[in-house]
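*Asks:* Here is what each chain is made of, one letter per residue.
2 protein chains.
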Amino acid sequence: MTDEAPRDRPAGPFPETFASLDHVQQDGLGDMDPERFRAAAHAVVDAMADYLAGVEERAVLPAIEPGTIRQVLPAAAPDDPQPLGTILADVERLVVPNATHWQHPGFLAYFATTASSAGILGEMWTAVLGQNPMLWRTSPIGTELEQVVVGWLRAALGLPATFDGLLTDTASTSTLIAIAAAREAAGLRAAAAGLGAGAGGRTPLVYASTEAHSSIEKACMTLGLGRSALRRVPADGDYALRPDLLAEAIAADRAAGGIPVAIVATIGTTSSTSVDPIAPIAEIAAREGIWLHVDAAYAGAVAIVPPRRGPFEGWERADSIVVNPHKWLFTPLDASLFLSRRMDGVRAAFSLVPEYLRTLDQERPVHDFAEYQPQLGRRMRALKLWMQLRYFGLAGMRRRIDAHCRLAEELAAAVDAEPDFERLAPVPFSTVCLRWRPSALAGREDEPAVRVRLDAANERLMAAVNATGEVFLSHTRLHDRFAIRVAIGNLRTEGRHVERAWELLRREARTLEA
Amino acid sequence: MTDEAPRDRPAGPFPETFASLDHVQQDGLGDMDPERFRAAAHAVVDAMADYLAGVEERAVLPAIEPGTIRQVLPAAAPDDPQPLGTILADVERLVVPNATHWQHPGFLAYFATTASSAGILGEMWTAVLGQNPMLWRTSPIGTELEQVVVGWLRAALGLPATFDGLLTDTASTSTLIAIAAAREAAGLRAAAAGLGAGAGGRTPLVYASTEAHSSIEKACMTLGLGRSALRRVPADGDYALRPDLLAEAIAADRAAGGIPVAIVATIGTTSSTSVDPIAPIAEIAAREGIWLHVDAAYAGAVAIVPPRRGPFEGWERADSIVVNPHKWLFTPLDASLFLSRRMDGVRAAFSLVPEYLRTLDQERPVHDFAEYQPQLGRRMRALKLWMQLRYFGLAGMRRRIDAHCRLAEELAAAVDAEPDFERLAPVPFSTVCLRWRPSALAGREDEPAVRVRLDAANERLMAAVNATGEVFLSHTRLHDRFAIRVAIGNLRTEGRHVERAWELLRREARTLEA
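Chains as they are written, first to last, in our numbering: chain Z, 1 to 514; chain H, 1001 to 1514.
Hint data in this document are derived by calculation from the structure and do not stem from the laboratory. Computed from a prediction, not measured in an experiment: that's the story for all the values here. Each residue gets a CB set at the ideal place from its N, CA and C atoms; glycine is no exception. The reader is advised that the hints may include incorrect statements.
[Claimed, not checked] So, partial list: chain Z residues that the calculated Cβ filter (under 8 angstroms) puts toward chain H:
1) L73
2) V95
3) A115
4) A118
5) V128
6) E144
7) T203
8) K218
9) A348
10) L352
11) P354
12) H479
[As the list claims (entries may be wrong)] What follows is a set of in silico ranges between Cβ atoms, one per label pair, in the way DEER data are often shown:
13) E499(Z) - P1097(H): 45 to 51 angstroms
14) G187(Z) - L1352(H): 25 to 31 angstroms
15) A1075(H) - A463(Z): 49 to 55 angstroms
16) A1456(H) - A192(Z): 45 to 51 angstroms
17) P1097(H) - A53(Z): 33 to 39 angstroms
18) E1065(H) - A256(Z): 51 to 57 angstroms
19) R202(Z) - E1092(H): 31 to 37 angstroms
20) G200(Z) - E1248(H): 39 to 45 angstroms
21) G200(Z) - R1232(H): 24 to 30 angstroms
22) G1028(H) - E499(Z): 39 to 45 angstroms
23) R1232(H) - A53(Z): 56 to 62 angstroms
Please take these sequences and the hints and turn them into a complete structure.
*Replies:* Following this line, the structure appears as structure tokens:
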């Protein structure tokens, strides 16, 4: 039909160093020759393994200022192909040193995301297979493996088989799906008629605690409910939502003509990992007929450890739940698990099947995941989870999560025993919130000048600890106090790393005092 | 701080076959030993290269019925770790044969997504680095490389530097971002106050042609505008939006108190790859003060080929544009490019910075991508694009895209010359819509019985061609006729594959006739 330029072929046995890849040129059509890909990918694997073996020697945070990298890169893409060896060398020269090392065992900031090695092998296969499980048809294995893995995780979390779900990119999307489904379940007909007409002039409302994650507020923005739709119910002294105030808020809003759409309760808030009391909240949700979504994006992993399931009591009564495998289940980003007892409601919020996506020739009904999410296309996220869950086994996952919880408990005890530091929140999982509070200032914390001084001192302390490069801590505010978070959850974190973080905190505090 | 179980170490030099990996056990804490990862990843690379080398020998669609795979898999995750060799062997035994082979050069359905080999190398690095460029801080390289690659693509597409943007997962998300920004730009204050209060009782409206993609309708559902907010403006005989009818619809809606929020024009619709006339539509958008979003998710790739830029005339006047590198720019799923001249408007729709994400110690202002999208977390998508654009060079990308267009033009000519087939739409890019219409029925196409017969015959014909496994075609309806689409866009597709598809269509048609 047409004459194509010949593809270049390898001349013979192919050496595997980067320099020798420099003769790889790509001046025809089509893709790289598979044998050249093989050689290049072997070289990349060696560099990847070296990276993992040596990641601890690096500073967790790269010591660069914003804009530095952009300045050294050309402003336009090259016209001519560049040698593969040069490109791969540039990854090692330019990319790796300027990464924030989420794989570093000293990564104790935010909540960790680790890419386990078994998960990385899964991502490698995922990349080469290029599956798009939007329809069963477009990826039978991607679709069915996702159904299987969702079932595996659901059971491992101790939830009944009435829950089904899907894998999304992030908790933001999972929570958005939940609130969208709640919106339909509340009778708003938002998907069909929009919130203006569907709500009939009344205001749809979403309830969460003052400690709940920003993704809930963002979902309200995106879904057209608006930030103002989010009612922030006060938390108690331990940062847990107060069910009595929740019930009061709902009653007052109903009296004022509002439409309660969803309650989002959190097991493991981002600031302090506090736990909302799910059972009484579920009671309120059931009584009021309001969709209950449980955000367990971080802490949900703990539910696979039966002796630690206390904080999860009652979550089986939720309408939907999010748990992020790419947080504390060590799965490469991205993978968020959305579960619901009401998948028909989710489908009502998102199903839309145009002719060009209609499947014609299957006799049995198929499960097309695109009908349950805002996007059409989607990555195959199940393979890496399937491989990793088998590699560790549930027992292995439990042992690792339990070990992180124990490390946090030990750190909490150490903080409690140290007169110059104080712990700022309970430690139900693997995160310790603390601050430096020299014993000389004990009892004077409420004086305005002392508050300001302690905030500034802790901000400096955290910066000093992070500047060592050995660990990376992040912060929050708790009861309007600057709090340093030590969040344990990286797969590679061992006792010695947490111990070192604690040493550095005390050491740098002494330096600042001096 | 705590005693940990020792990690297992390799006993010595590590063989590389799957069977020999069976002794890999993982009974301690932490991750796989890096040397074991190295050996396993080398084995996976060999299997990956073998897959790419042999993908053409496979049937594009696996010959299985829905539910088959689920039945053979255990209902629960294993408690004990399983040997890595077994897991990797299962990938080859169970996963690969049940994939729809998007990498197959005979994949001519929907729009192709190819994972180029250079892109796969990028995904491998992406997996091991585990970057989350939600904040500059959480991935300096992920953030700045994304800024660079967005600039490279913007320039390559011939768009002015007033456009900036980000990489999202899919065109669904990119279009949702556009309409969310448009909503704010129209003064609805949806992000803050919600669509009920913000719209003041008036109906927000979005305009697109009857041929526009379902993702626009889905974005309206998700954003709380509702399906009813989407005004489907009729297309002309060539499936292109009629600007005169667009202007009429806007005027009528304004008169009725509606609020026009956005116009979505498409360059390369999904059914027929038709082109909406952007210049007159941009004129209307400017006159009316309505946000113009251009959906060029598929065809946008062609804009990197200057001699083929005709259909894009005027798109530089759009407020936002989506082009999907994971479609016709051969980038592994997922990667969608969102561009806008009004990034401040995008930020207004999505920015939300809680304390625990506030960056404290940088003096220069930073660009945090999470402020421009519905999600907080995000994968590093720039690395694979950066590597791939350098590997092919823009000239190489242009040559490949141009070759696909030429193949489609040649197929279109062949269809036109064949009395028993007819072409159902113009071919501005790389997709040919056709149907079998035996010459004996020529001139009788409008008889109801003939219409039904032709629809059924073409549905059977497509099924028969797909059943060969050599190619995979999909369908749509054009002017209410069943249309078979031959969509060229896989990086590996050569002239012989398109020629073979055309042979199979004619051969199977003869069989069905017999």
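*Asks:* Would you mind marking each hint as holding or not holding in the structure?
*Replies:* Status of each hint after checking the structure:
Taking 8 angstroms as the C-beta cut-off, the interface hint given for L73(Z) holds, the closest approach to chain H being about 5 angstroms. About 5 angstroms separates the beta-carbon of V95(Z) from the nearest beta-carbon of chain H, less than 8 angstroms, and the hint is met. Annotation: interface hint on A115(Z) holds; nearest CB of chain H at approximately 4 angstroms, less than 8 angstroms. Given the 8 angstroms rule on beta carbons, the hint for A118(Z) holds: about 6 angstroms separates it from the nearest Cβ of chain H.
Evaluation of the V128(Z) hint against chain H yields a held restraint, the C-beta minimum of about 4 angstroms falling below 8 angstroms. At its closest, the beta carbon of E144(Z) sits 4 angstroms from a beta carbon of chain H; the interface hint therefore holds under the 8 angstroms criterion. Taken as an interface hint, T203(Z) checks out: its beta carbon lies about 6 angstroms from the nearest beta carbon of chain H, inside 8 angstroms. At about 5 angstroms, the closest approach between the beta carbon of K218(Z) and any beta carbon in chain H falls short of 8 angstroms, and the interface hint on this residue holds.
With 8 angstroms as the threshold, the beta carbon of A348(Z) stays out of range of chain H, its nearest partner Cβ sitting at about 10 angstroms, so the hint is violated. Here the hint on L352(Z) is kept, as its CB sits about 5 angstroms from the closest CB of chain H, short of 8 angstroms. Taking 8 angstroms as the C-beta cut-off, the interface hint given for P354(Z) holds, the closest approach to chain H being about 4 angstroms. The interface hint given for H479(Z) is violated, since its Cβ lies 12 angstroms from the closest Cβ of chain H, which is over the 8 angstroms cut-off.
A C-beta distance of roughly 49 angstroms is found between E499(Z) and P1097(H), which places it inside the suggested range of 45 to 51 angstroms. The hinted window of 25 to 31 angstroms between G187(Z) and L1352(H) holds, with their beta carbons roughly 28 angstroms apart. For A1075(H) and A463(Z), the Cβ-Cβ distance of about 50 angstroms falls inside the hinted range of 49 to 55 angstroms, so the restraint holds. At roughly 32 angstroms, the beta-carbon separation of A1456(H) and A192(Z) lies outside the given 45 to 51 angstroms, and the hint is violated.
Between P1097(H) and A53(Z) the beta carbons are some 34 angstroms apart, a value that agrees with the proposed interval 33 to 39 angstroms. Distance hint check for E1065(H) and A256(Z): the Cβ-Cβ separation is about 54 angstroms, which falls inside the suggested range of 51 to 57 angstroms. Here the CB-CB span from R202(Z) to E1092(H) is close to 57 angstroms, at odds with the stated 31 to 37 angstroms. Evaluation of the 39 to 45 angstroms hint for G200(Z) and E1248(H) yields a failure: the beta carbon distance comes to about 30 angstroms.
A hinted range of 24 to 30 angstroms for the beta carbons of G200(Z) and R1232(H) is consistent with their spacing of about 25 angstroms. Separation of G1028(H) from E499(Z) is about 19 angstroms and departs from the stated range, judged on CB atoms against 39 to 45 angstroms. For the pair R1232(H) and A53(Z), the supplied restraint of 56 to 62 angstroms holds, since their beta-carbon distance comes to about 57 angstroms.
Consistency note: the structure conflicts with the earlier hints numbered 9, 12, 16, 19, 20 and 22.
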